[in-house]
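Protein chains: 2
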Amino acid sequence: MTSAAEMHLLALRDFPQVESGDDLAGFTVAALRRDDLQLRPDDVLVFAQKIVSKAEGRQIDVATVLPSEQARELAHTVRKDPRLVELILRESRRIVRAAPDVLIVEHRLGLIMANAGIDQSNVAGPEGQCALLLPLDPDASARRLRERVAALTGCTVAVIISDSFGRPWRVGTVGVAIGCAGCAATLDLRGQADLFGRPLRVTIVAHADEIASAASILMGQASEARPVILVRGLPARAPHRPAAALLRPSGEDLFR
Amino acid sequence: MTSAAEMHLLALRDFPQVESGDDLAGFTVAALRRDDLQLRPDDVLVFAQKIVSKAEGRQIDVATVLPSEQARELAHTVRKDPRLVELILRESRRIVRAAPDVLIVEHRLGLIMANAGIDQSNVAGPEGQCALLLPLDPDASARRLRERVAALTGCTVAVIISDSFGRPWRVGTVGVAIGCAGCAATLDLRGQADLFGRPLRVTIVAHADEIASAASILMGQASEARPVILVRGLPARAPHRPAAALLRPSGEDLFR
Numbered sequence: 001m002t003s004a005a006e007m008h009l010l011a012l013r014d015f016p017q018v019e020s021g022d023d024l025a026g027f028t029v030a031a032l033r034r035d036d037l038q039l040r041p042d043d044v045l046v047f048a049q050k051i052v053s054k055a056e057g058r059q060i061d062v063a064t065v066l067p068s069e070q071a072r073e074l075a076h077t078v079r080k081d082p083r084l085v086e087l088i089l090r091e092s093r094r095i096v097r098a099a100p101d102v103l104i105v106e107h108r109l110g111l112i113m114a115n116a117g118i119d120q121s122n123v124a125g126p127e128g129q130c131a132l133l134l135p136l137d138p139d140a141s142a143r144r145l146r147e148r149v150a151a152l153t154g155c156t157v158a159v160i161i162s163d164s165f166g167r168p169w170r171v172g173t174v175g176v177a178i179g180c181a182g183c184a185a186t187l188d189l190r191g192q193a194d195l196f197g198r199p200l201r202v203t204i205v206a207h208a209d210e211i212a213s214a215a216s217i218l219m220g221q222a223s224e225a226r227p228v229i230l231v232r233g234l235p236a237r238a239p240h241r242p243a244a245a246l247l248r249p250s251g252e253d254l255f256r
Numbered sequence: 001m002t003s004a005a006e007m008h009l010l011a012l013r014d015f016p017q018v019e020s021g022d023d024l025a026g027f028t029v030a031a032l033r034r035d036d037l038q039l040r041p042d043d044v045l046v047f048a049q050k051i052v053s054k055a056e057g058r059q060i061d062v063a064t065v066l067p068s069e070q071a072r073e074l075a076h077t078v079r080k081d082p083r084l085v086e087l088i089l090r091e092s093r094r095i096v097r098a099a100p101d102v103l104i105v106e107h108r109l110g111l112i113m114a115n116a117g118i119d120q121s122n123v124a125g126p127e128g129q130c131a132l133l134l135p136l137d138p139d140a141s142a143r144r145l146r147e148r149v150a151a152l153t154g155c156t157v158a159v160i161i162s163d164s165f166g167r168p169w170r171v172g173t174v175g176v177a178i179g180c181a182g183c184a185a186t187l188d189l190r191g192q193a194d195l196f197g198r199p200l201r202v203t204i205v206a207h208a209d210e211i212a213s214a215a216s217i218l219m220g221q222a223s224e225a226r227p228v229i230l231v232r233g234l235p236a237r238a239p240h241r242p243a244a245a246l247l248r249p250s251g252e253d254l255f256r
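Line order of the protein sequences matches chains B and L. Taken in order, the first sequence gives residues 1 to 256; the numbers are from the numbering used here. Taken in order, the second sequence gives residues 1 to 256; the numbers are from the numbering used here.
Derived by calculation from the structure, the hints in this document are not laboratory data. Each hint should be verified, as a subset may be incorrect.
One copy or two, either will do: identical chains are not told apart, so a pair holds if it fits within one copy or between any two.
[Claimed, not checked] Derived SDA-like pairs: lysine to any residue, alpha-carbon spacing no greater than 20 Å straight-line:
hint, residue 1, residue 2
1, 80, 36
2, 80, 154
3, 80, 13
4, 80, 203
5, 80, 166
6, 80, 252
7, 80, 254
8, 80, 137
9, 80, 37
10, 80, 40
11, 80, 110
12, 80, 18
13, 80, 128
14, 80, 33
15, 80, 68
16, 80, 147
Keep in mind it's a predicted model, so treat the numbers as computed, not measured.
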């Protein structure tokens with residue numbers, strides 16, 4: 001007989017606009033209190049990358065960026081603003097694919113992603129003038145958020161920082177975890193048995209990516225966006241691993 | 001002020017072992033009734049591919065397969081059973097990558113995936129003797145399940161058929177939708193505005209993949225597997241699209 005398994009996701013209501021230096025954990029705790037929600041130790045809070053970057057002051061005025069010769073040439077190929085391409089190159093270790101309207105890079109964090117994760121939507125100011133970079137170290141951001149929420153509430157929950165990634169081969173974006181603290185970013189099932197007692201073939205599950213995708217369903221992308229999601233009832237109890245564990249080493253990768 | 005948004009996922013308890021010819025919709029309705037659960041029109045039922053394939057009789061005895069010369073050579077490269085490789089080739093349009101322990105193909109359905117989705121875990125019989133192929137047409141399977149559930153309950157819900165896929169660049173598998181009926185496999189946000197009233201840059205969301213990933217968290221991979229998940233409270237109301245809409249046309253793909 002299988003045990004009951006239920007999971008609940010809840011978007012925090014009326015989360016304020018976030019600006020550089022804001023206390024995201026404080027905003028979160030205030031939003032929870034407004035709705036009479038008490039955190040539990042097995043809860044996960046999923047934060048949209050965008051508000052973490054904003055709170056950490058990762059906004060850049062594109063007008064201040066001087067594009068290099070390489071950025072200008074690449075901008076011509078990919079049909080993007082050379083100043084934006086300059087920012088993308090500064091954030092990246094190398095270019096994975098460049099084509100009209102597509103620039104996929106290896107971010108210095110190891111993430112393979114479009115435009116080094118630099119976003120110009122949902123950013124204040126005239127269109128195209130401001131760019132928002134990823135947090136400097138999203139696993140560290142997740143750890144800090146986790147500690148600050150614990151300090152404010154007495155409850156130590158898990159924290160995931162999510163972003164939306166496109167994929168090769170499949171249409172559309174899905175939520176992925178770029179930061180993770182207090183939670184297993186990957187679940188290693190090696191040693192577990194299948195329904196008939198044999199070792200499982202699929203042995204590693206991208207647990208934090210699946211949580212980020214689930215949260216993304218409620219977050220939305222548009223003007224109604226809800227940037228913080230409370231996830232309750234996760235069945236997995238597994239060793240904590242940061243989101244860095246989700247990065248495939250380039251030596252094991254057949255597609256870069 | 002943002003409206004409340006909550007989503008609830010529930011694994012159906014004590015789902016029986018499925019065999020060829022079984023009535024999955026009937027099993028599902030019986031499991032719902034055991035737990036006093038009433039379906040609602042906005043619900044989504046997510047079925048693990050494995051039980052759909054079993055019910056559709058897609059199990060094959062590997063001992064009956066005669067490998068071709070091509071399968072034998074490829075089996076040497078990828079270090080797999082030549083008979084399994086023969087089955088993979090029969091299910092595929094072409095090979096995308098072959099390396100030791102890795103065989104990624106374009107399935108005849110258009111899915112780019114490892115081993116053409118052929119699974120040898122959680123299948124009855126001696127180890128390695130039985131292989132389970134994908135459903136012949138998972139979108140059609142989803143439509144049939146949806147119709148049969150509606151006939152049994154009077155309630156027309158959405159149905160997603162999920163599988164676990166590895167990804168280039170990232171470690172671990174995530175749930176994806178290989179079949180979808182009565183639901184938007186992709187959400188097209190073109191025309192919607194961001195928080196500051198400008199057009200959104202990320203315009204297509206892989207909605208059914210995110211739902212499949214969320215369901216996968218509760219399903220598990222091992223002996224406790226729960227193959228049917230009820231998802232309640234999805235915020236999106238959007239035109240229905242089959243899972244085929246999630247397949248990136250090869251002409252737009254930079255990675256195959």
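Going down the list of hints, with the structure as the test:
Within a single copy, residue 80 and residue 36 get their C-alpha atoms no closer than 46 Å, and across copies no closer than 55 Å, so neither meets the 20 Å cut-off. For the homomeric pair residue 80 and residue 154, neither the shortest alpha-carbon distance inside one copy (47 Å) nor that between copies (52 Å) is at most 20 Å. For the identical chains of this complex, residue 80 and residue 13 are neighbours neither inside a copy (36 Å) nor across copies (52 Å), given an alpha-carbon limit of 20 Å. With identical chains, the CA atoms of residue 80 and residue 203 are at most 20 Å apart between copies only, with a shortest distance of 17 Å across copies and 40 Å within one.
Within a single copy, residue 80 and residue 166 get their C-alpha atoms as close as 18 Å, which meets the 20 Å cut-off; across copies the closest is 31 Å, which misses it. Proximity of residue 80 to residue 252 under the C-alpha cut-off of 20 Å is restricted to the inter-copy arrangement: shortest distance 18 Å between copies versus 31 Å within a copy. For a Cα distance limit of 20 Å, the shortest separation of residue 80 from residue 254 across copies, 18 Å, qualifies, whereas the shortest one inside one copy, 28 Å, does not. Proximity of residue 80 to residue 137 under the C-alpha cut-off of 20 Å is found in neither arrangement, the shortest distances being 26 Å within a copy and 40 Å between copies.
For the identical chains of this complex, residue 80 and residue 37 are neighbours neither inside a copy (44 Å) nor across copies (52 Å), given an alpha-carbon limit of 20 Å. In this assembly of identical chains, the alpha carbons of residue 80 and residue 40 never lie at most 20 Å apart, being 45 Å within a copy and 46 Å across copies at closest. Within a single copy, residue 80 and residue 110 get their C-alpha atoms no closer than 23 Å, and across copies no closer than 31 Å, so neither meets the 20 Å cut-off. In this assembly of identical chains, the alpha carbons of residue 80 and residue 18 never lie at most 20 Å apart, being 27 Å within a copy and 52 Å across copies at closest.
For a Cα distance limit of 20 Å, the shortest separation of residue 80 from residue 128 inside one copy, 11 Å, qualifies, whereas the shortest one across copies, 51 Å, does not. For the homomeric pair residue 80 and residue 33, neither the shortest alpha-carbon distance inside one copy (44 Å) nor that between copies (56 Å) is at most 20 Å. Taking the shortest alpha-carbon separations for residue 80 and residue 68, only the intra-copy value of 14 Å comes in at or below 20 Å, while the best inter-copy value is 49 Å. Taking the shortest Cα distances, residue 80 and residue 147 never come within 20 Å of each other, neither inside one copy (39 Å) nor across copies (47 Å).
The structure fails hints 1, 2, 3, 8, 9, 10, 11, 12, 14, 16 (numbered hints given earlier, in ascending order).
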